[in-house]
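Enquirer: Spelled out, the chains give:
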Amino acid sequence: NAGVMQNPRHLVRRRGQEARLRCSPMKGHSHVYWYRQLPEEGLKFMVYLQKENIIDESGMPKERFSAEFPKEGPSILRIQQVVRGDSAAYFCASSPLRIGELFFGEGSRLTVL
Amino acid sequence: QKEVEQDPGPLSVPEGAIVSLNCTYSNSAFQYFMWYRQYSRKGPELLMYTYSSGNKEDGRFTAQVDKSSKYISLFIRDSQPSDSATYLCAMTLGAGGTSYGKLTFGQGTILTVHP
Numbered sequence: 619n620a621g622v623m624q625n626p627r628h629l630v631r632r633r634g635q636e637a638r639l640r641c642s643p644m645k646g647h648s649h650v651y652w653y654r655q656l657p658e659e660g661l662k663f664m665v666y667l668q669k670e671n672i673i674d675e676s677g678m679p680k681e682r683f684s685a686e687f688p689k690e691g692p693s694i695l696r697i698q699q700v701v702r703g704d705s706a707a708y709f710c711a712s713s714p715l716r717i718g719e720l721f722f723g724e725g726s727r728l729t730v731l
Numbered sequence: 020q021k022e023v024e025q026d027p028g029p030l031s032v033p034e035g036a037i038v039s040l041n042c043t044y045s046n047s048a049f050q051y052f053m054w055y056r057q058y059s060r061k062g063p064e065l066l067m068y069t070y071s072s073g074n075k076e077d078g079r080f081t082a083q084v085d086k087s088s089k090y091i092s093l094f095i096r097d098s099q100p101s102d103s104a105t106y107l108c109a110m111t112l113g114a115g116g117t118s119y120g121k122l123t124f125g126q127g128t129i130l131t132v133h134p
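So the protein sequences, as listed, match chains A and B.
Per our numbering, residue 619 is the first one in the first sequence, and the count goes up by one each step.
Per our numbering, residue 20 is the first one in the second sequence, and the count goes up by one each step.
Please keep in mind that the hints were generated in silico from the structure rather than gathered at the bench.
Fair warning: there could be bad hints in the mix.
With a Cα cut of at most 27 Å, we get these calculated BS3-like pairs of lysine-lysine [said to hold, decoys possible]:
1. B:Lys-21 x B:Lys-75
2. B:Lys-121 x A:Lys-669
3. A:Lys-645 x B:Lys-89
4. B:Lys-21 x A:Lys-680
5. A:Lys-689 x B:Lys-121
6. B:Lys-121 x A:Lys-645
7. A:Lys-662 x B:Lys-75
8. A:Lys-680 x B:Lys-75
9. A:Lys-645 x B:Lys-61
10. B:Lys-75 x A:Lys-689
11. B:Lys-75 x B:Lys-61
12. B:Lys-121 x B:Lys-75
13. A:Lys-689 x A:Lys-662
14. B:Lys-61 x A:Lys-669
15. B:Lys-89 x B:Lys-21
16. B:Lys-21 x A:Lys-662
17. A:Lys-662 x B:Lys-89
Reference listing, derived: stretches of chain A covered by chain B, where coverage requires no fewer than 3 residues with Cβ under 8 Å from a Cβ of chain B [as the list claims (entries may be wrong)]:
18. 656-664
19. 705-713
20. 722-730
Everything numeric in this text was worked out from a predicted model, so none of it was measured.
Cβ coordinates follow ideal geometry from the N, Cα and C atoms, glycine included.
Produce the entire structure from the sequences given, and follow the hints as far as they go.
Expert: This is how it looks when you write it as structure tokens:
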């Protein structure tokens with residue numbers, strides 16, 4: 619059973635461009651979480667999704683960031699008009715249950731030039 | 020003040036030493052407490068989780084939670100070079116509503132175990 623797959627692993631964007639990060643949860647997992655890890659900081663919760671629904675987006679910046687988890691296909695974290703402060707590692711985690719262990723992917727590292 | 024405080028270290032110990040890692044927190048509503056291990060350039064993996072106060076042991080690892088002091092610890096016995104990683108404490112409010120997977124992490128402690 620493959621783990622949580624994230625791609626791309628590394629992404630370089632110039633200021634003002636868009637970044638799209640993808641996450642395929644483990645098989646059978648319908649709960650997806652996105653976290654961001656800034657340099658010198660711990661992981662910060664961004665958003666919790668189930669298939670086709672955003673359950674909790676209280677950690678998402680109000681502008682430029684959006685997330686989706688369609689019925690078919692991976693979850694997508696989209697960052698529009700990136701700025702240097704968006705440079706970070708973005709981790710996706712999935713769980714088979716609302717209350718269950720979170721399995722993390724290896725992260726997507728975004729660098730904004 | 021951060022909700023969860025964790026000394027980032029770095030911590031360097033010789034092989035075979037007992038390692039003690041700690042976190043303090045301010046939100047008394049936290050009920051589930053976890054320790055994650057993160058190797059360089061990898062995602063976090065769950066090591067231990069405890070509910071409420073008490074101790075939990077798993078092999079060389081022991082997790083302790085003292086809710087009255089808002090203090091959690093992870094002990095590693097007979098530490099090995101393969102234990103070298105960043106250790107993150109994490110906690111969550113509980114099973115109600117949507118909060119279980121919404122973890123609040125400490126900054127992480129960098130541990131090096133040298134042969």
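Enquirer: Indicate, hint by hint, whether the structure satisfies it.
Expert: Comparing the hints with the structure gives:
no. : hint                  : in the structure
1   : B:Lys-21 x B:Lys-75   : 26 Å, holds
2   : B:Lys-121 x A:Lys-669 : 17 Å, holds
3   : A:Lys-645 x B:Lys-89  : 36 Å, violated
4   : B:Lys-21 x A:Lys-680  : 21 Å, holds
5   : A:Lys-689 x B:Lys-121 : 22 Å, holds
6   : B:Lys-121 x A:Lys-645 : 21 Å, holds
7   : A:Lys-662 x B:Lys-75  : 26 Å, holds
8   : A:Lys-680 x B:Lys-75  : 40 Å, violated
9   : A:Lys-645 x B:Lys-61  : 20 Å, holds
10  : B:Lys-75 x A:Lys-689  : 39 Å, violated
11  : B:Lys-75 x B:Lys-61   : 26 Å, holds
12  : B:Lys-121 x B:Lys-75  : 22 Å, holds
13  : A:Lys-689 x A:Lys-662 : 26 Å, holds
14  : B:Lys-61 x A:Lys-669  : 26 Å, holds
15  : B:Lys-89 x B:Lys-21   : 13 Å, holds
16  : B:Lys-21 x A:Lys-662  : 12 Å, holds
17  : A:Lys-662 x B:Lys-89  : 20 Å, holds
18  : 656-664               : holds (count 6)
19  : 705-713               : holds (count 3)
20  : 722-730               : holds (count 4)
This entry does not satisfy hints 3, 8 and 10, going by the numbered hints stated previously.
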